[in-house]
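Produce the complete structure using the sequences and hints provided.
Listed below are the residues making up each chain.
Number of protein chains: 2
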Amino acid sequence: MIVKNNGDMPEAPVKEEKVKNVLMKILIGPDDGSHNIIMRHFKVLSEGHSPFHSHPHEHVVKIEKGKGIVVRETGEEVLVSQGQSLLIEENETHQFKNPFSEPFEFICTILNPEK
Amino acid sequence: MIVKNNGDMPEAPVKEEKVKNVLMKILIGPDDGSHNIIMRHFKVLSEGHSPFHSHPHEHVVKIEKGKGIVVRETGEEVLVSQGQSLLIEENETHQFKNPFSEPFEFICTILNPEK
Chain A
1 MIVKNNGDMP
11 EAPVKEEKVK
21 NVLMKILIGP
31 DDGSHNIIMR
41 HFKVLSEGHS
51 PFHSHPHEHV
61 VKIEKGKGIV
71 VRETGEEVLV
81 SQGQSLLIEE
91 NETHQFKNPF
101 SEPFEFICTI
111 LNPEK
Chain B
1 MIVKNNGDMP
11 EAPVKEEKVK
21 NVLMKILIGP
31 DDGSHNIIMR
41 HFKVLSEGHS
51 PFHSHPHEHV
61 VKIEKGKGIV
71 VRETGEEVLV
81 SQGQSLLIEE
91 NETHQFKNPF
101 SEPFEFICTI
111 LNPEK
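Chains as they are written, first to last, in the working numbering: chain A, 1 to 115; chain B, 1 to 115.
A couple of the hints might just be wrong.
Since the list gives no way to pick out one identical chain from another, each pair is judged satisfied if it fits inside one copy or across any two copies.
Quick list of in silico lysine to aspartate or glutamate cross-link-like pairs, DMTMM-like style, CA-CA up to 20 Å [as the list claims (entries may be wrong)]: (1) Lys65 / Asp8; (2) Lys18 / Glu77; (3) Lys15 / Glu47; (4) Lys20 / Glu77; (5) Lys18 / Glu92; (6) Lys97 / Glu76; (7) Lys25 / Glu64; (8) Lys65 / Glu105; (9) Lys4 / Glu64; (10) Lys97 / Glu64; (11) Lys4 / Asp32; (12) Lys4 / Glu89; (13) Lys15 / Asp32; (14) Lys4 / Glu105; (15) Lys4 / Glu92.
None of these hints come from the bench; they were simulated from the model.
Below, the structure written as structure tokens:
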């Protein structure tokens with residue numbers, strides 16, 4: 001068993017193309033011995049966003065703090081906020097955006113893509 | 001994409017053997033279209049506990065509220081509290097207990113055992 005303090009874990013800017021103002025930390029992942037599930041914490045700062053993209057792995061998400069926008073495949077914008085959970089399905093195009101002034105934070109779990 | 005309000009989801013007592021005072025709700029699971037990851041919210045009430053057991057699937061856990069005890073395979077008791085994340089490995093014997101007066105709440109993600 002591994003126990004970690006979320007506050008001790010380093011948070012780093014996501015340096016992928018078409019990502020702006022997004023910080024990420026891995027709460028539990030392969031370095032901890034997890035073989036299947038990776039639990040990541042994302043902080044989308046004001047004016048930040050992830051890419052409008054799709055991938056073969058699903059996202060199981062729980063909003064932790066603040067509010068933000070999830071853009072659906074159709075372009076529809078859905079306001080989400082603390083106290084909500086989401087499923088982004090496999091290969092569903094999506095984007096997370098924060099047009100607000102406060103950080104938008106969420107947990108996003110994925111299957112280990114190495115599996 | 002599915003968006004759900006955590007507060008709207010029904011919470012039900014876990015009626016398995018050797019479980020006491022534990023409430024569970026599925027935040028995102030197969031009924032929502034999730035194929036791989038199930039995100040459950042557990043509330044262990046005062047004096048409650050899960051079984052001291054093991055299973056082939058790992059647990060990726062984030063403590064949401066309060067504090068509780070996780071019993072390791074060796075019998076060692078580890079105090080955990082809000083702001084911590086845990087990994088329980090495949091086939092590692094473990095138990096969650098709440099000897100305190102306030103509810104102990106956590107998110108516990110697993111792989112869909114049907115997969």
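Worksheet entry | Indices of hints not satisfied (ascending) | 13
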